[in-house]
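Colleague: Sequence:
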Amino acid sequence: MSSASARRLLALVSVPVALFLGSSTAGSAHAQPPLHLPAQVVDPANALNAAQSAQIEQSVTELADDHEIAYWVVYVKNFDGLSPEEWTSRTVAQSDFGTRDVILAIATDTRTAYLQAPFDVDGLTDSEIAAITADDLDPAVTEGRFADAALSVGSALGSAADDDSASRVGLITTVAVVGVLAAVGVALYVRKRRADEPDEEAFTADELGRQPLSELDPWSREVLTGTDRAIATSADELSLAVDELGPDVAQPFTDAVLDARAALADAFTLRQRIDDGLVPDPEEQRSLLVRIITTCSDADASLDQQVAGFDALRNLLSDPATRFDALEARVAGLTARLPVTQSRLDELTAEHGADVISITENVALAAEQLQFAEDVLEQGREAAAAGATGRGSVVGSIRSAEGALDQAAKLLDAVDGSDPSSTDDIDLPAVIDRVQAASDYVETRRGVVGSIARTRLSEARRLADTAADLAESDPAASAEAALRASILADQALTAARADVADWFDSQRVPSGDSYGDLAPVLTGILVDTVLNDDVHDGGYSHDGRSPASYGGSSSSGRIGVGGRI
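Numbering (mature numbering (1 follows the signal peptide of the UniProt record, and there is no 0)), first residue to last: -31 to -1, 1 to 534.
Just so you know, the hints here were simulated from the structure itself, not pulled from any lab data.
Even for Gly, the Cβ is constructed at its ideal location relative to N, Cα and C.
Just so you know, not all the hints are guaranteed correct.
Claimed, not checked - The calculated label-pair distances, taken between Cβ atoms and stated as ranges, are:
1. 234 with 355: 24 to 34 Å
2. 78 with 390: 55 to 65 Å
3. 444 with 244: 41 to 51 Å
4. 307 with 354: 21 to 31 Å
5. 19 with 475: 30 to 40 Å
6. 253 with 446: 25 to 35 Å
7. 235 with 382: 25 to 35 Å
8. 100 with 354: 52 to 62 Å
9. 99 with 78: 18 to 28 Å
10. 322 with 444: 48 to 58 Å
11. 390 with 444: 20 to 30 Å
12. 107 with 281: 49 to 59 Å
13. 321 with 183: 34 to 44 Å
14. 35 with 78: 32 to 42 Å
Throw the hints in and build the complete structure from the sequences for me.
Modeller: Here is the structure:
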């Protein structure tokens, strides 16, 4: 099976899954912000019937099998006030496209579309893209023949590839919105694990093992990021469940999180070995990358399997008024901390300067989280007063506020607990503080921090633990581990800050502006969810995103599609 074929197969099966990827907003006529795509045919606009969707999926299959072109098609109501090109560019920036990915985006309300190719691939030139747009895409879209548009473009892409069969097809014709979340590349593996089908499970793992390193490497990074984010969110909500119901009642879910976290740590260790250049043999690299992908997928699936039980245990619709009261009291308490923590931050900055760079924006970001929590709680009370029609909004508001308050507390705690007085790279308490500072930064910006920072941080934690364990029995080895942990913690923080800066650039936020609506996205409170119009009555979204919940990456955003109600 070709690389493009594998990506096509693995992504197509993810269509029924409520992934944490792009979505349509509850306002502005179901506007669709730029997004990650969970599958190669995504239709939150409900532009296709079942037969048309099947036809387009067949076109996707043929392009992958015959030409190694990964063809991605997305239908949205509109481009959220952006130009088709800008909407596509932002989507691609979020989606880790490869060099064989073609994307087509169609906005049905405005009857506009965009098809784009970043560079010449397999003879598909800019002029050919322009011709396909003019001859095959625009006429069909203008006439409202949205399925025909995708089919005609698919056929034209195949013909263009046929005309230059001597060249290797690696299209990246980006048509308006296509975000390839490489983590979705293991969706089939996850589904087979859940379905308990040993033969197909083995087949899928075997198919992964046949993929080129150029595909497996980004896949491994994406599944590491997605799984790490899901585990962090699960741990946060689990803590609330333990506080409410006690540790004994929540023990099965605690065990699931601990097991998933241990598996993820093993996967990060494998990734660090590859990054350190300790695995020069390509076949060994392939084996480790497949292990990373399957390990993360299993950990992710194990959390998804706990979702129904967890939602039943923590019934957010039980006495929502009491929940709203408690959350509003927590908003007030954290708001009262803001000036005190700001004074502490001012003192630390004056005394230590760049040594406290990881916390310089914490108070401002915490304030944005608190404002967001206050806003959604007001919306939640209004929804509760509306009765049954507001059930989704009640649950969504509660989870949004809970997540925002958890992150606000962590941001303030990181400032109040900061102790940069020692900069010794082998002094164990100083090293532990340095690792914790990096961890706090990654945790409170988990919505956008990528795999490099997460990998370095995981290894820094492991080495810091090793240093502590060896402190008395082998001081020399302890010092060596502490030094390495310190270096990796610094690398993790540097990489994480770069990820945040790049993300802000992609959002076109001027330097110095407030976080505004981006704050809950940055902190991972709101995640993308593909919503169809027929779930809006039961689901909940805030600017097209859903609050994250306990569970794996496939179920974390389930509130957006009517889950937990």
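Colleague: Please test the hint of 52 to 62 Å on the beta carbon pair from residue 100 and residue 354.
Modeller: Roughly 56 Å apart at Cβ, these two residues keep to the hinted range, so it holds.
Colleague: Has the hinted range 55 to 65 Å been met by the Cβ atoms of residue 78 and residue 390?
Modeller: holds (58 Å)
Colleague: Mind checking the hinted window 41 to 51 Å against the Cβ distance between residue 444 and residue 244?
Modeller: Hint violated: Cβ distance 28 Å, outside 41 to 51 Å.
Colleague: Could you check the hint for me, namely that residue 234 and residue 355 are 24 to 34 Å apart, CB to CB?
Modeller: At roughly 45 Å between Cβ atoms, residue 355 and residue 234 fall outside 24 to 34 Å, so the hint is violated.
Colleague: So does residue 307 sit 21 to 31 Å from residue 354, Cβ to Cβ?
Modeller: holds (30 Å)
Colleague: Is the distance from the Cβ of residue 253 to the Cβ of residue 446 consistent with 25 to 35 Å?
Modeller: For residue 446 against residue 253, whose Cβ atoms are near 27 Å apart, the range 25 to 35 Å holds.
Colleague: Hint says 34 to 44 Å; check whether the CB-CB distance for residue 321 and residue 183 agrees.
Modeller: holds (43 Å)
Colleague: Just to be sure I understand the hint, the distance between the Cβ atoms of residue 35 and residue 78 should be within 32 to 42 Å; is that true here?
Modeller: Holds: the Cβ-Cβ distance is about 34 Å, inside 32 to 42 Å.
Colleague: Can you let me know if the beta-carbon spacing of residue 390 and residue 444 is within 20 to 30 Å?
Modeller: Between residue 390 and residue 444, where Cβ atoms are some 22 Å apart, the hint holds.
Colleague: Is the gap between the beta carbons of residue 322 and residue 444 within 48 to 58 Å?
Modeller: Once the Cβ atoms are compared, 32 Å apart, the range 48 to 58 Å for residue 444 and residue 322 is violated.
Colleague: Please check whether residue 235 and residue 382 have a Cβ separation lying inside 25 to 35 Å.
Modeller: Holds, at about 29 Å.
Colleague: Taking the beta carbons of residue 107 and residue 281, is their distance inside 49 to 59 Å?
Modeller: Cβ of residue 107 to Cβ of residue 281: about 50 Å, so the range 49 to 59 Å holds.
The earlier numbered hints that this structure contradicts are 1, 3 and 10.
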